[in-house]
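> Here are the chains, one letter per residue:
There are 2 protein chains.
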Amino acid sequence: MPATSVKNPAGPFTGLLVIDLTHVLNGPFGTTILSDLGARVVKIEPPGHGDDTRTYGPFVGDQSLYFSFVNRGKESVVLNLKDPADRDIFLNMVRQADVLAENFRPGTMQHLGFSYEELAEINPRLIYASSSGFGQTGPLAHFAAYDTIIQAMSGIMDETGFADGPPTRVGTSLADLCGGTFMFCGIASALYAREKTGKGAHVDVAMFDATLAFLEHGFMSYVATGAAPTRIGNRHPFMAPFDVFETGDKHIVICCGNDHLFAQLCNALGLPGLATDARFLTNSDRIAHQAALKDALQSALKAHLSEYWQSVLHEAGVPVAPLLNVAEAAQLPQTLARNMLIEAGGVQMPGNPVKISGYDDPKVRVGAPSLNQHGDALRREFAAHAQAANVSA
Amino acid sequence: MPATSVKNPAGPFTGLLVIDLTHVLNGPFGTTILSDLGARVVKIEPPGHGDDTRTYGPFVGDQSLYFSFVNRGKESVVLNLKDPADRDIFLNMVRQADVLAENFRPGTMQHLGFSYEELAEINPRLIYASSSGFGQTGPLAHFAAYDTIIQAMSGIMDETGFADGPPTRVGTSLADLCGGTFMFCGIASALYAREKTGKGAHVDVAMFDATLAFLEHGFMSYVATGAAPTRIGNRHPFMAPFDVFETGDKHIVICCGNDHLFAQLCNALGLPGLATDARFLTNSDRIAHQAALKDALQSALKAHLSEYWQSVLHEAGVPVAPLLNVAEAAQLPQTLARNMLIEAGGVQMPGNPVKISGYDDPKVRVGAPSLNQHGDALRREFAAHAQAANVSA
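Residue numbers (our numbering), protein chains in the order written: chain Y, 2 to 394; chain V, 2 to 394.
Treat the hints loosely; a few may be bogus.
[To be verified] Pairs of lysine to aspartate or glutamate, EDC-like flavour, derived with a Cα cap of 20 angstroms:
(1) Y:Lys200 - V:Glu196
(2) Y:Lys364 - Y:Glu308
(3) V:Lys251 - Y:Asp165
(4) Y:Lys197 - V:Glu196
(5) V:Lys200 - Y:Asp362
(6) Y:Lys200 - V:Glu118
(7) Y:Lys251 - V:Asp165
(8) Y:Lys83 - Y:Asp53
(9) V:Lys200 - Y:Asp361
(10) V:Lys200 - Y:Glu329
(11) Y:Lys197 - V:Asp165
(12) V:Lys197 - Y:Glu196
(13) V:Lys197 - Y:Asp361
(14) Y:Lys364 - Y:Glu329
(15) Y:Lys200 - V:Asp362
Bear in mind the hints are in silico, worked out from the structure with no lab data behind them.
Sequences and hints are given; from them, build the entire structure.
As structure tokens, this is what we get:
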């Protein structure tokens, strides 16, 4: 491994070289999984301020959290991909790389002369992954594709929220993150296949496709009825009671998947009559009368605090949980025990959810690079190889 | 390939045998990606009604869509894992399998005598993937883990919704689907590593960890301020205007990432004065006065229908999109062009978002199996191998 390299812990992808042309959120999220799992990821940034997200808040000191969260464990070099000398360095990297990932608007890489077909010619083993809003094909391939646009067009906003409220954006950039994760899925699959075929491939993932794949219940309702589903708030589409409830202080969730648990719940609440009420006898009955059921449960639950009900219901064997905010979730003992609150470059962030035996999953990881932090070393490394290649050619 | 096999299209995982002990949603979603990408996936179901979701609605005829959506392209055999003869068949499968996936509550596989350590002894190349609510380790490992509970405890519900409204469940089983997707990520990564090491591994993925990894903006706010983020509805945390708006009929989204686009928007709306209003000069100004800005834009937008504004703003180069329901999203020409509306077993469902060159991505795929559909053939296949193994031993 070159002396310039970031020392990521060993993982399944140790020894692989990834050229990372991705920017903002979607692509970088996917390539971060590669660096978490051991790959060497070289981020190529444009001259000027580099990846746009370096200028996005929130900041800790002069460090953009937005940038840091999805670029940990990577190296950075600034290259002007329109400059002949920099293009040579880039092409030398391509000759040695295992993976190239990009999330430009479709057509940009072709315009630069770096289409899959062109790069596969100089490195037939290259896995070339493109992530974009709507994919490389189809009538919307060139449509502007922010996360909010994909959430709006995929149906996920329309199925999130309450029946009497507006469509609701998922409170995280779900389309970006799904797209990045499925891009990783494609890269890992193509890397496996390359071991059998010796050949690279073009992976083409769309945030839109990825979000459609996550629609689940709403899509089922559409197929069953031909109509769009209605928003159902926090309750479960097919089970009741299975919802968020207010207590004397905080929200809790209660999940009764069967009649037995419902009877346990009624007893624990001091409402044994509910379990024998004709409206609530079976799950279907409870779904049919879910509003009345919710009112009855809600009245009882408001009489005590969240901690009280958690303890009483837990004791009764009824699935119950607190509704936590992000700060509480981040500090949960479970989060810490699973190394899901890590530190990288002095900043706390969510850890790596892919735990594989035989590899370390450290609590402290290498942070995101400053702009061009590894520029000199990377330019030397890939210029030298260029000369060697020319000599031997 | 045995004559019993489902004929999935060739993919990167063609030739691999996956034992699928997963049930309900989370695990089956992950193993469906494997079958979509060419693996042979044998679903082992318990005696009785098999996977619980076979009894869940919605139904088309007597086919559960819930079950069909996440079990396409798989084979089904009913095995009683407590019965000695069935255990022998299962262990013969394990000897030949590449992957075993399970999403029982932690401890169940150990109780059956099928822990990773035990199965690795008879097949050291086995990738053994466990998906669960909170993971195999930590104080909450045995806590009940429905999707709603994970959404509640991970912070995602608290960061979804409006500032003046309640925490809001993402309108899809996000925690289940994230967990299943990251389980696939772990399996694909471990399969790649096995090509180098010759060894299997235990993949341990938690729905909770997976959902934490998707928190993004809320987690950043927490790290920056030490406090939980407030809900911000449909708007963007760092850019304005970047939100959902009502028109004369339907909702649209408008995404202006910079001052130039904002000026274009104001001109197109016939409100050029807004762009020079001191409250709205820069993105920071617009964020600081986003409520006033939204009111001003909203009034203008309500004067015409959605179609009109889409056309006018598109013409002006302003990123704009319709807010579609699931039915509209499913039938979008882009969805069809990308094969994201497929048919499997006579039922429409979302397609495979992982597009890799060199492999077919058919519009019609093999459907989910009926209970024990491949039972006789699978029992014969793996009993025969058992005898062969005994003879040669």
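> Under the constraints set out in the numbered hints, which ones does this structure not fulfil?
Going through the list in order, the structure violates hints 2, 6, 10, 11 and respects the others.
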